[in-house]
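Could you put together the complete structure from these sequences and hints?
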Amino acid sequence: MNSSFSTWLTRVAAVLGITALSGSSLAAGPQLTLHATGHDRRVDLGWTLKGVHEIQGFKVGRADSQESRFTTLYEGLYPDRFYSDFLGTNELTRIYRVTAVLGDGTRIESAPAAAQTHAMTDEELLTSVQAATFRYFWDYAHPTSGLARERTGSGDTCTSGGTGFGLMAICVAAERGLVSRETAVERLNTLLSFLEKRAERYHGAWAHWIHGATGNTIPFSRYDDGGDIVETAYLAQGLLTVRRHFDRETPDERELIARATRLWEGIEWDWYLGEPPGKQLWWHWSPNHGWRMNHRIGGHFNECLIAYLLAIASPTHPIPADCYRLGWVGEPPDGYLNGHEYYGQHLAVGWPYGGPLFFTHYSFLGFDPRAWRDEFCDYFANNRAISLINRAWCADNPHGFAVYSDLFWGLTASDDPDGYSAHEPRHDNGTIAPTAALSAMPYVPAESIATLRHLYEEHGARIWGHCGFKDAFNPTRDWVADGHLAIDQGPIIVMIENHRSGLCWRKFMANPEIPAALARMG
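Per my numbering, numbering of the sequence shown is gapless, rising by one per residue and ending at 1103.
Hints are not guaranteed to be accurate.
To be verified - Simulated restraints on C-beta separations: (1) H870 <-> A700: 53 to 59 angstroms; (2) Q647 <-> T725: 38 to 44 angstroms; (3) R1034 <-> S774: 39 to 45 angstroms; (4) A983 <-> G925: 24 to 30 angstroms.
None of these hints come from the bench; they were simulated from the model. Glycine included, each C-beta is placed from N, C-alpha and C at the ideal position.
Below, the structure written as structure tokens:
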């Protein structure tokens, strides 16, 4: 784990206007330093360990008072260097201690650290949730490359699309003061250098899964062992956001801009029109299997709009602008259009009842839907309608699932009791993913914030983890995900910020290639 967590924790405390208390082992040699920071209903812990090369794990203990004994908070050895203790009540003071178990069994104990929980305003809680979620992309990033790991426990398996979301999350964190601008630029230069020099590319596109230490492709499936143009589009969306956010005339930021530009301009979008080239992008290409995945993109509204926008916007390998109408929308456009009303909301384009909510998130982390209206649709209004339909479906609860209400909603792709699935009104098994409602915040701010409060205050004891909300939960089947996914974590940070300040929308749209492409798309 990256040892910068203690610095991050101190910065979070300063941003939130709270106190972070710490304790350090005083013995000569290895040093274990613990920080504890109070938030609404929870205490976040972070620790650094210096002078040690081999570590088995940690024991995390809590005491109610100076006179109390420490009780262990985690069964077995805890693997990470940050922990979130959700207490569920405010104005509680607790004392913490961490013990490091070294490779030879030797134990090093930190000095105790104390913190108090306290109520937060909505704005303070939004920052607190963003800060907690950001740990996934900062402290849980791959230690060699800085790439975003696919999910909790995925080891060296990293995700190109999730890394793109993480790039935008780092922009938000630097803007909010959760990490220093200089530290963010240093991390980003390391990450982009890895993408440029070590990660395998296929006509400029990255694979879905990348080995975080070697850069080699990890096959996503039998024939999916090459370029993934949709995941690449998510990564490029992040590159362009970074390029406009870190734009100061310093050597490190100029180097970062140059790297982002080379990577962006190296993507051969036109190759992914197939052989011979047509009007639709192909999702996958493999040097071993060619186009065998046979997955063309378009004809239905889904998460892939950003791929067409960026392919048309490319200054080096563009596709024709009419690919938007003929490839993405389709001709005739019958499969793309909707035109029906659900729960009082008119849906211009999209699936019946709107589909899973990630359709309205992934392409729009940087691409501002307020800037795009074609002959069929106002995309901001349509995304808002999809969000409200999703909420209304859960409130209506036609299948009678436990806990569903207008405060407990959000169907999207996520883990579930049976594995992983794209949940939506027509495919609903009672699984709610916090990323769904939270990432809808730019479209339905009042409804989204109310649900954030409800999930946090009423269900936080079960669904809050060390990197924020756990991926999903299903009360009907008494199931909670055991961790986090990069592609669900990223939209939470970024879309909350787009609601608060429009940061990632502004930065991405400031790239001159984007408005020029929209003009060509008509």
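Looking back at the hints listed earlier, which ones does the structure fail to meet?
none
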